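Please arrange chain B on chain A, whose structure you already have, making use of the hints.
Below are the chains, spelled out letter by letter.
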Amino acid sequence: MDCGTCDTVSPVQMVTPEIIDVALTISESAKNMLSEAFGDDRSHALLVGVLSGGCSGYMYDLQIVETTEQDCQEIAVDGFRVLVPKASSHLLDGIEIDYVEKLMGGGFKINNPNAESACGCGESFS
Amino acid sequence: MPIVALSDASLTLWRGDDVLSFIDGLSTNRVAELSKGQLIRTVFTDSNAKIIDCLTLFHMGDFIVAAGHLPVLDKLLNHTSKKILGQDVEITDISQRNDLFIEFDCENKANEIDTFSSQGEITRGNIASNYSILVASKGNGPSSSDDFTEFNQWRITNKVPWNGYEITNSFHPFACGLEELVHQQKGCYIGQEILARMRSRGRQGKVLSQVETMSCKPANITTKGDIQSLAIIRS
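For the protein sequence lines, the chains are A and B, in the order given. My numbering numbers the first residue of the first sequence as 1 and each following residue consecutively. My numbering numbers the first residue of the second sequence as 1 and each following residue consecutively.
Bound-form chain A, shown alone:
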């Protein structure tokens, strides 16, 4: 097999999405939960990313982090630091970060105007 690793074979040209300045909002219920999670320590940030996978192709990836190696936009919303990876900025512009109570416990929910559809469990979107 010739894997093309001995000399230079160009990778397939990938679709490079446009990086846009993300605007987002946080609902009151989500702010309350973030306040509980962060306390007075605002050195941490909420990282809102997107990974491939899930029934609809993309999955949200929410983490509370101090720093990240991902190249991110940092957005300040009502005193909270929110990090959005530039690679997924085109998928996250205009989102609302919400917090909803469910029978099986509460959780953050992303209301995304860019999503054409979402899977039944609400974990992924396209």
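Worth flagging that the hints you see were computed from the coordinates, not collected in a lab.
No farther apart than 25 Å at their CA atoms in a straight line, the calculated lysine-lysine pairs in the DSS-like style are these:
{"#": "1", "chain 1": "A", "residue 1": "Lys109", "chain 2": "B", "residue 2": "Lys82"}
{"#": "2", "chain 1": "B", "residue 1": "Lys206", "chain 2": "B", "residue 2": "Lys186"}
{"#": "3", "chain 1": "B", "residue 1": "Lys82", "chain 2": "A", "residue 2": "Lys86"}
{"#": "4", "chain 1": "A", "residue 1": "Lys109", "chain 2": "B", "residue 2": "Lys83"}
{"#": "5", "chain 1": "B", "residue 1": "Lys186", "chain 2": "A", "residue 2": "Lys109"}
{"#": "6", "chain 1": "B", "residue 1": "Lys186", "chain 2": "B", "residue 2": "Lys50"}
Since the structure is predicted, the reported quantities are computational estimates derived from the model, not experimental observations.
Positioned in the frame of chain A, the structure of chain B alone reads:
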């Protein structure tokens, strides 16, 4: 054993720390635990669970090599490349540097199935007990036939679906005999909800069948033989 050349096969190289999890998140089989020297087949499906491409993955150690179907390579790359966001995944098309073949009617030992080995310029991946895929650098392949007649007859006898015949965007994996490539326990991927619903309800619609050529509706025949054919028909 007879060997047929695959003139319409694609070969891509997938490199990066996130390759296996990336493919796992977008296709039907559980590939995340694939290790060096192992081979696995998996199907990329669209949101209607229709097949985009069926890939044979070789874990080469530092990278993954994927054999697929050349006519749908652009569609596969378009489907996958949009999903690479922050992940470390890079794809290189090495189709033009290699020739692919199928050796069929062979007798692979059970412990050799889903593994591959390389001898000189030829890498041999044992897909099933009775056929293997061979990948050779351009012009260094084994002597082979370009005529698919004998291979197709063997496929009809052994009910083996093939790219462009049964494995097309018109069908989902269950319809064309690829149910063993749809892992039952793995997590979500595009098309998974539809396939899971079909499986749980026991309703798979059309299925791959061996039929008498003369008594089957021609529109349902996917691989035509003189006496018997393969067809995708309602069960």
